[in-house]
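**Student:** Fit chain B to the supplied structure of chain A, relying on the hints for placement.
Chains A and B, in that order, are what the protein sequence lines are.
Numbering-wise, numbering that gives the first Met the number 0 puts 621 at position 622 of the first sequence, and it's gapless, one number per residue.
Numbering-wise, numbering that gives the first Met the number 0 puts 79 at position 80 of the second sequence, and it's gapless, one number per residue.
If we take Cβ atoms under 7 Å as the criterion, some of the chain A residues that face chain B in the derived model are: (1) Lys381; (2) Leu391; (3) Ala609.
Hints in this document: simulated from the structure, not taken from any laboratory.
Here the structure is a predicted model, which means the values were calculated and not measured.
Every residue gets a Cβ at the ideal spot worked out from N, C-alpha and C, and that includes glycine.
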Amino acid sequence: MIAESGHYALVLALGLALIQSIVPLIGARLCDDALMNVARSTALAQLLFVGASFIALVTLHVNSDFSVANVYENSHSMKPLLYKITGVWGNHEGSMLLWVLILALFGGLVAAFGNNLPLSLRAHVLAVQAWIASAFYLFILVTSNPFLRIANPPIEGRDLNPVLQDIGLAVHPPMLYLGYVGFSISFSFAIAALLEGRIDAAWARWVRPWTLVAWIFLTLGIAMGSYWAYYELGWGGWWFWDPVENASLMPWLAGTALLHSALVMEKRNALKVWTILLSILTFSLSLLGTFLVRSGVITSVHAFATDPTRGVFILLILCLFIGGSLSLFAGRATSLKQGGLFAPISREGALVLNNLLLTVACAVVLFGTLYPLAMEMLADFKMSVGAPFYNLTFAPLFTLLLLAVPFGPLLAWKRGDLLGVTQRLLAAGVAGLVAVAIVWGWASGGSTLAPLAIGLGIFVIAGAVTDIVERTGLVRLPFATALHRARGLPRSAWGSAFAHAGLGVALIGIVCETTWNSEYIATMKQNDVAHVAGYDVKLDGLFQRQGPNFHEMIAEFNVSHDGEKLSVMTPSKRSFTTRGSSTTEAALLTRGASQLYISLGDATAEGAIAVRIYHKPLVLLIWWGPVLMAFGGVLSLSDRRLRVGAPKPARAKQRLQPAE
Amino acid sequence: MTRKQRRMTIIGGSLAVLALAAALVLNALRDSIVFFSTPTMVAEKHVAPGKRFRLGGLVQPGSLQRGDNLAVTFEVADGGAKLPVAFKGILPDLFREGQGVVAEGALDADGVFKADTVLAKHDETYMPKDVADALKKQGHWKDDYGAKASDGVKPGATTAQGNPQGAVR
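Just chain B, with the same shape it has in the complex:
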């Protein structure tokens, strides 16, 4: 083989691998991306049941109810709308009423958000950035949060993984 042919072989191989990677990425982008919404956005957009997304907002004070076998329900609010959330499992260490939360899951047929993951952050003054941005955009941002957040926040993430299939998997 000449130098040129060899080079063409390598370039051809590279293009093949790149094309493969591009195909994989495009395929993955179709259904493995999770979007972020607030309760107001959910109300406006009529998200279909079963479509996974991340819900962010504040835990409505007084809405937290614990059921049997680690079942938990609470409401997430963003000032404009409220959405009931059901979760089964252990909530993160810093899950509190009146504080920011991000939950991942999907709506069921009754319009309840079934979360299988609840994210909260390891700091009493912490507000998830996604939630803060959304609240700011909708004009429900209290300066209070900002003052707290600028006060040297060093958050650490904790995640609670719920267990949709029951106690033992």
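Excised from the complex, chain A in its bound form:
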């Protein structure tokens, strides 16, 4: 009964989405307020019905109703409750349902909090949202229905993939989807602007908070996914340049560019056409990501099932939306008015450079992701493009970007003074060089590029500090005045400083981890001691334990440093009987920002066990950086100017009233 209601609710949501796709547009054409307002009620009702459908699926999973195919294939009655719930989106059908739920959520938010939007703009935005929603409802109902029943219900389920039975599954996919799908809003705004043939600075003010929200979640989602892979897969890698990771990185790069170009548009009314194009591209890349991950063209942890009809269906959606929006753009973009002028050396110029480097870096990642696929299809030979390719292409581009980052916020709008900015950044540059010298002298071994990269990281962080110091006048003015000015500084200034500093922090973490990572692999017997990076790791013994739906072997290690006992670490190896597969649960010991990492291999007949121990210096900075960036994003979002639904200047309101 629950499954059928869930299915029915989804069909109703499709019906509502179809109404929402058409009626508001007719209303906008006829200038009929009542018809345009239909969008608002249908968007909210749609959210209600998808929500109900999703809750139905969660209930089925929690109740372990194995008469439903999706539950049978991905659940087990002995599975802990948390994983019964998170298992809902640990499979293809459920994750697509989560996708549309989040899409409906964003649509609902625009409907509920978009009261200050001009009526026709809101009608257009919600109609475009409904086009996307209809396509994906159809996709779910036709090819990936999670509510299908099995004729002869089995008594036990097949359990969830053990790798996914982790708290990471509760956080990573929803966060990532909030990011991915959140960009649909800026896409809808862009299409609405093209349909209306009108765009101005106020438009950017409405788009920016939504883009920022999506960007914050995407940043955290990617970081979370990376940390999850790091501790779950058992060999301490945190980024693999896997096509699926690239699929999330590309919208992030484009979204970051969008965030910055929208700033130019809002402040200076320039780069309008480019911002529209970026909005379209960012969401197109999100769709491409969904296609790559969900169609089975790529084998990875994320490709749940390979069903060709699904691939073809998503490819159709992809072509329809990307092709349609780009044609619309080509047709209408020229009608948008030219914006403000600026000199190449100016804040706008710096943001253009930022956009250029980010989009080119994104294009390089896109090339690296699609090239093997294209070669396989066209020339019929297989290859893989991995870290070496990106180290030679992505890294130099990002180095250029990072060098430019501290200059941007210090340049004046319209016409900047590069020499003056360089002088003000002198302290930051010196800090970077000192860091290079110190690391060079202190570190032994590793690449000669490593100290330079760390110096660059310090330069970026010091540059962000310089920005704040300059704005508050901390050095020039009395301390009390500076404090007062700091309080008066817009939150978005603090936000950009934190986000930029986060980049530097992440860079330092990446360089330290890859350069000075120590690794120890050996078979250990009881009482054997391993020496890794000054730590003594002693194997105390092996124990067996029975978990709820698995059996595990735990190894107990005593860790000491310079004779001082630190901690006991217990990595384990779990075997899941239902699937006959096993997972490695690594043990982590955090010391400052560094970590000691132990994972287990196979046990031998003589009671010895293969052990892998890593010492990863400053590895946590890799994820603290993105957290700092996201924090900067939140600060910026809390800026009154950008708050979702905040009242805006009356002048802007008048300008965007529908022409009557």
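**Tutor:** Positioned in the frame of chain A, the structure of chain B alone reads:
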């Protein structure tokens, strides 16, 4: 500067960055791409020693031998040819004889494939897609694999990174 000059500056800058990116990509394509081969393809093409590639196939049953200090040797077969593989390190959780495997490394002078990475997937019914395609193409595909693979496979990747330089790096 006029509007036109400013626009030209921006377009020129964009072209410069694009040219830089294109140069970087072309340079990287020359030597950082890793190709995929099966033992039969290796035998036919006479791959030079030292050239990195990915080897895919089935682990020959009965060929797995464990040596001292985590050294492992096994044979990868695709029905047509067999290739000995040497690896040092911890094999992934689901490395099994008779199952699909993908290893990355290079041939040494004796024609042994020295792998530094072994990929296997986290599912008992899993067959790496590259391997499955290659086997199908060579006509060694058993319907059995297909039946298993369509049975709701949800693989998760694990990778074993070997350690060519010895125990402590």
